[in-house]
Each structure stands twice: as structure tokens, then as C-alpha cells.
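Undergrad: Residue numbering for the sequence shown follows this note's numbering, beginning at 26 and increasing consecutively.
These are calculated hints, taken from the structure and not from any lab test. Any given hint might turn out to be false.
As the list claims (entries may be wrong) - Lysine-lysine pairs mimicking DSSO-like chemistry, simulated, CA-CA at most 30 Å apart:
(1) Lys470 to Lys126
(2) Lys109 to Lys155
(3) Lys389 to Lys125
(4) Lys109 to Lys389
Said to hold, decoys possible - Each pair of labels, with its calculated beta carbon distance range:
(5) Glu375 to Asn207: 29 to 35 Å
(6) Val183 to Glu423: 30 to 36 Å
(7) Asn222 to Val102: 26 to 32 Å
(8) Val456 to Lys202: 30 to 36 Å
(9) Glu161 to Ser404: 22 to 28 Å
(10) Thr246 to Glu423: 45 to 51 Å
(11) Leu252 to Gly474: 47 to 53 Å
(12) Ser245 to Ser404: 21 to 27 Å
(13) Lys125 to Gly417: 49 to 55 Å
(14) His104 to Asn222: 25 to 31 Å
(15) Asn207 to Gly417: 46 to 52 Å
(16) Asn120 to Glu423: 35 to 41 Å
(17) Thr450 to Asp291: 17 to 23 Å
(18) Ser404 to Val102: 18 to 24 Å
The beta carbon of each residue, even a glycine, is placed where N, CA and C say it ideally should be.
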Amino acid sequence: MKRFYQILLPQQRTSSKLHEFQKENFKRYTSNSLKEAKCLNGHPNPLEEEATLYIHWPYCQKRCHYCNFNKYISQNVDHGRMRKCLVRETETLLNLSGVKKIKSIFFGGGTPSLAEPKTFAAVIDCVRAKVALEDEAEVTMEANPTSTEAALLAEFKVAGVNRLSLGVQTFNEDLLKFLGRNHSVADSLRSLEAAKNIFRGRVSIDLIFGNPTQTLDMWSTELEGALQVCDDHVSLYQLTLERGTALFKMYENGDFTQPSSDLMADMYQSAVERLSEAGFQRYEVSNFARGNSKSVHNQSYWSGAQYLGVGPGAHGRFMPLHNIYSGTRSFVREARIQTLEPDGWMCEVEKYGHGTRKITRLSKVDVLNELVLTGLRTSEGLENSNFEQLSGGVSLHEVFGDSMVVQDLDRTGFLEVTPEYLRVTDRGLIVLDSFVPDIINALNKYFAGS
């Protein structure tokens, strides 16, 4: 069962009072809850000692028609203030988490390539001053392929960024306009060429399929063109309609119709096959890599590792120290959400050192549910060694060995089940969403009876 509490950060609460507030909430945990939380780990392991770091830059030049991310349009960004707050919150959460090592950093948004390169350099320097960060650790930045941002790529490389995720989305001019993007196909080609020269072998492009009016032949042609110019990583996303977006309103007004689910499936499957022919391995439902170009950062998410979320609206998952002075750990993983709005977030960081708005304490079952939801999307699936670390020593076989649902999926070729892993087959990935709830139910049923 999830346990909730909120830090609302009222103006009258001092830092010392906030500390007392957090301690009091910790005391509310029953001894049984602490016993359950400790068995999540059993003994010290790397999952406690390391994490990845996500930094959210909330500003954009415009809001694309399909986007519902936490982003803000501002012509008067206070870069100096934002930089100081990102650094301060990074330092605070590193202290609170007690991790000894950051495996990777991801600058997302928003449009982080609109930030000043020295802002990200300051964050990276802060991390290196507090914990271990290997010289070759993956440091990714999202970028839009506009000429203004492309001109700064070399400066971001000097700042410490060594991998780029470029939001191309489509190589079709009409579809770019439909999506509300502020770049052209020519911009994409120029930016991609510049990025490949600066971040050799470490450039990913995002592509969206399932656009209205897009046929299978159109998509195949576009993908073929992308393969001629891309680097060694491609992320594919089906266009989805999110409430509150301009695209959703256009759909409600009858301005367009969506492609059929069968056509969407054909587009995805044809892309999987063509990318495979071009040497790309599908290592997650939406992600394809050639050679050693898999995203370290994303793989950490999918394997249930800890991550810190810094910046307006950022999310995190980590086990905080119960006492930052003695270094004792609470053994309770928490889901954290930072204050959404940038100005409010900066005020809170300046006053309290962080802008954490909501904390949800996660039970062992909560953590395993998240692992199943993300892990089954990967080519490696759920590995028993990793599962046991997060379950307190309970194996995949103990949880799923007697499940009729899992046995049926194995027999019909949708799952591969061994003592070492639980893995979705290529056939199963196409219909993954239809049976994941059954696997989650099997997991919950086991722990409810244990």
C-alpha cells in the first residue's frame, strides 16, 4: 500500500522546521513498514550507492501541438538565477540521497539546448565535486534542430555534454507544420550533420510515426531517408493525442482523423524490420541502437535503478538518508516530484535548498510493479539477479512459476520464461500492453499472500 505525504513548503516554515517535519513523517512509519523496506535490499548493494541524474530545463521557444510536457514559454529567462538554483538543488539532493556515484546525466525539457552552456557545466562540476562521475560517463542533452541551437553544440561539448538526442520528429515538411515544430527539414539535416561531427557515434534522433495522412509507403520512404543520414541511435514514437494539447483540440473539432490501429502496427513492424536490416538492435520497444550506442541513462531507468530529478517538475526515485549527518539510510525508496512552475520552484530552492513538492513512499511491491512495467519493454526483459536485489531475495520463479497466465504466455510464444529471466518475445512486444496487466496482477497476488 502506498503511503503519501506532502511537503508544501509554506513561507513561514524555516529550514530547521522542514527538517523536523521530515523526521516526524519518518517516525510515523511502523516497525513492520521499516522491516519490509529493509528487505528491499537485505544488505548494502550498488543500487543504494549509485544513481543517475535527470536535470529539467523547463523553457521552450514555443509549445508544439502534440506536447503536454512541463514547459514554459518565456522571453525573459533569468539564466543566472536558474543556474544557481539547478546547482543548489543538485547539491541538496546528492546530499540527501547519500549516493557515492552518478552513472549518467540527462538534460531534458523543455528545450535544454536553449540554456547557456555554462549552466550545464556548473551542474556537472557540482556533481564531480560531490560524488564520483567517471570521465567517460554518459551526459546527454536534448536539442531541437534549429540553426540557433546548432551553433552552440560545440560549446555544450566543452561544457561536458557528450551525447545528443535530436528532436527531428519527421523529415516531412508538411508534417512538421502539422506538429507545430519550429524547424524545417533543411534545419534537421544541417543540425544532424553538425551534431555527428561533434558527438561522433553518440547522436540519437527522435522520429514520430502515425501522423494523419501518413501512409505505410510514406512512412517507409521517410524511414529510408532517415537511415541515410542518422547516426547510431533512433527512437520511434507513435503520435498520441494528449488532452490539453492543440492537437487534441484539432482532433475534437474534426480537423483530422487518426490512422487505424492496424496501420499503426504495420508502420511500427515495418520500421523494426528495416532498422534490423540496417544493423540496429531493438533494445527497448521504442529504442534502436547500432554497435555500443545504447543509452546508459535510459537502461538505468528500465532496470529499476535510483535516479535523482532536479529542476521544475522533475521526477526522482531514490532512498534518502534518514540522517544526513550520520549517513544512516532510511531503506525506503521514495518517488519525488519537484514544484512544476519555474518561478515558484526557484523561490523554494533559494529558501530551502530544494523544491520538492510531493513525496510518495514506495513499498517493495510498488518498486517491483515499476520494474515489470519498464523491464518487459526491453530486449533483456526481467533479469532474476536484478529482480532479487529489488525484491529482497525473492526470485522470478517464486513469483511467476505457478502463474497460469505466465505459463500460457510462455506456451503460446509471447514470453520466454527461464530461471534467469522473464522476457517478451518479438511476437509478444507487438501486443505487450494487452497482457502486462495480467503479469502485474500475478505479482501483486503473490506478495499479497506472502
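Undergrad: All hints, please: hold or fail.
TA: Cross-check of the supplied hints:
| no. | hint | in the structure |
| --- | --- | --- |
| 1 | Lys470 to Lys126 | violated, 35 Å |
| 2 | Lys109 to Lys155 | holds, 16 Å |
| 3 | Lys389 to Lys125 | holds, 23 Å |
| 4 | Lys109 to Lys389 | violated, 36 Å |
| 5 | Glu375 to Asn207: 29 to 35 Å | holds, 32 Å |
| 6 | Val183 to Glu423: 30 to 36 Å | violated, 51 Å |
| 7 | Asn222 to Val102: 26 to 32 Å | holds, 28 Å |
| 8 | Val456 to Lys202: 30 to 36 Å | holds, 34 Å |
| 9 | Glu161 to Ser404: 22 to 28 Å | holds, 24 Å |
| 10 | Thr246 to Glu423: 45 to 51 Å | holds, 50 Å |
| 11 | Leu252 to Gly474: 47 to 53 Å | holds, 50 Å |
| 12 | Ser245 to Ser404: 21 to 27 Å | holds, 23 Å |
| 13 | Lys125 to Gly417: 49 to 55 Å | violated, 22 Å |
| 14 | His104 to Asn222: 25 to 31 Å | holds, 27 Å |
| 15 | Asn207 to Gly417: 46 to 52 Å | holds, 49 Å |
| 16 | Asn120 to Glu423: 35 to 41 Å | holds, 37 Å |
| 17 | Thr450 to Asp291: 17 to 23 Å | holds, 19 Å |
| 18 | Ser404 to Val102: 18 to 24 Å | violated, 40 Å |
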